[in-house]
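**Student:** All chains, full assembly: derive it from the sequences and hints.
Chains as they are written, first to last, in the working numbering: chain R, 18 to 275; chain L, 80 to 433.
Read the hints as simulated data drawn from the structure, not as lab findings.
Even glycine gets a Cβ: it sits at the ideal position worked out from N, Cα and C.
Check before you lean on any hint, since a few could be wrong.
Claimed, not checked - Counterexamples of contact, computed for chain R against chain L with all Cβ distances above 12 angstroms:
id	residue
1	Thr115
2	Thr150
3	Glu221
4	Asn262
5	Thr265
Said to hold, decoys possible - Computed spacing ranges between beta-carbons, pair by pair:
id	chain 1	residue 1	chain 2	residue 2	range
6	R	Arg37	L	Val183	30 to 36 angstroms
7	L	Gln206	R	Asp172	44 to 50 angstroms
8	R	Asn123	L	Pro323	45 to 51 angstroms
9	L	Ala263	R	Phe45	46 to 52 angstroms
10	R	Ala202	L	Arg421	40 to 46 angstroms
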Amino acid sequence: MSTHSTRSARDTAQSADILRLENVTKRFGSVTAIDDLSFTIRDGDIVGFIGPNGAGKSTTFDCVSGALAPTSGSVYYRGEDVTGRPQHALVRRGIARTYQTFRPLNDRTILENVALSQVPNSLFSLTDFRADTEERAREICERVGLEEYLSQTPDELPHAGLLRLEVGRALGTDPDLLLIDEPFAGLTSDEIDQTVKLFCSLREDGMTLVVIDHNMHGLLDLVDRVVVISFGEKIAQGTPEEIHNDPTVQEAYLGGEL
Amino acid sequence: MTRRNIESHRIVGIVCLIGLASAPFLLGILTLRQLTAALFLGMFAMSWDYVSGYTGQLSFGHSMFFGIGGYTAAVLNLNVGLSPVVTILAGTVAAGIAGLLVGVPALRLRGPYLALITLIAPLVLVQIVNIYPDMLGGEGGLQGMDLLVAVDEPIGVLSAVGFESAFEHRVVVYYYVALLLFLAIYALFYVFTRSYVGSVFTAIREDEDAVAAVGVDAAKFKLFAFTMSGVVGGLAAATLVHTPLAGAAPERLLVLPVSIEVVLIGFLGGMGTITGPAATGIVFYFVRDTLQASDAVIPLVGLPVGEVWEVLFYSIALLVLFALPRGVLPWLSDLSRTVRDRNDPSAEPISETH
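**Tutor:** Okay, structure coming up:
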């Protein structure tokens, strides 16, 4: 259903915006986490969303995914104002996310963790939960590289496996837009390569990805465009090359490790 | 879960079922009467486990559902003259409405908010009962409701199988009423908790963010669990007041210790298992009754057990909790697994628990 709409959207307008933030501000008491942030994400892109620690990257994800309502400003998804809609509703519309601090369900196996993404959001449903949803969950596990861990529990998984589980559970919701919060932290360069490959293959399926990171090391080969924020404000947006040469960005990173 | 594991569960289940079904022929009539009351405690405990054990949303005031169900039925029967079947239905619905009224505001929020709200709600109800003693019976409670099934005359079939007096017949009949209700509730909860609904409940207990992230409205499922739990608790209590066992009295349905008991039974039996609290509720009732009625004297201190039973009883409960923090049923389940693995080292390891 959602893949179909993605495809038709890609056919008609290659560069249509899938996500648009307009003047989004989020305050926690007197602390302004995001300040008047506006940017657009084009359908089918992989976008790097970078900024130093505490810049407001995850808070922005929270506002887009519906975990938090923005204090002011608007979020548009496929042209529709979805500001402040609850997360579960946005997931059904096609916005999925992963968490930087992983959220595995430790009481069940990897397969059952992923299978949760197949449950209906209704209290009474006659869909045969066991049979085909398990098959689907198995496929997803294979796709993200968890096939050897199916009957293990999350606490038996290596760090990279937990990331795959996060991505797998998000994929299970059949998203059009996937927000991935800092996937490369703590991965070896081998694991980063594999993860990059996985993300690229998702894009080939028509998915739009927004990937958070501190810096652009892991992102250069992966992303089409980059949005840079610092102290809750957007300071630059463009192709990786443009960003690399941007003096404001270099200053934000204190001339350091961009 | 392996096939063998399922089979052994099934065998234990069938044995228990046969035992319960034939209890009138195995137990003395007064013990049977106790068992009837114990079944109701088991139902209360199951209703608590369905919401708190599974979703992790702790209710410290489940007596509000028992009280509302029981009192609604009693008052409608005594004051309006409605028949027990109608009043039981009304009590059940009233408890469900209470579940919605408390659950809608309390379950939108996360954390210990529900625990606090449920702790307070029954306190209000106890006071209301005292404010209207004429209608609600005050501390003494309401007595004299119609019985669900009138057993005035000896029943032929029961006389034929050896039960003599009308009293005995009544005990047997109400035992089966309670058993049927107990099994129906057990089956209902079992079906729901073993379906995808149960997997959402336990996912809520583990991590609500993960539930939202897969597009499921956790608040809706929590409200459903809470309300359905209330409906079932109300049903059990409304039925109870139409049996010869108990009237609608605060100390049986409403006061804080009633709520604490079901929480305690839930923890002791094993949260999120239904079976554990159901069985533990029955055992709990007998242990308590035995201590309460005991005329033994504790050596050295010279105190009669019957007078200090509460100290003994809750101390035993504490010890069990310290020793088996996950509850009796999960412990038994692990134990049987260990024994089986030892006897048959080739058996594959089991990763799932229930």
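**Student:** Now tell me, hint by hint, if it's right for this structure.
**Tutor:** Results of checking the hints against the structure:
no.	hint	verdict
1	Thr115	violated, 8 angstroms
2	Thr150	violated, 8 angstroms
3	Glu221	holds, 24 angstroms
4	Asn262	holds, 37 angstroms
5	Thr265	holds, 34 angstroms
6	R:Arg37 - L:Val183: 30 to 36 angstroms	holds, 34 angstroms
7	L:Gln206 - R:Asp172: 44 to 50 angstroms	holds, 47 angstroms
8	R:Asn123 - L:Pro323: 45 to 51 angstroms	holds, 48 angstroms
9	L:Ala263 - R:Phe45: 46 to 52 angstroms	holds, 49 angstroms
10	R:Ala202 - L:Arg421: 40 to 46 angstroms	holds, 43 angstroms
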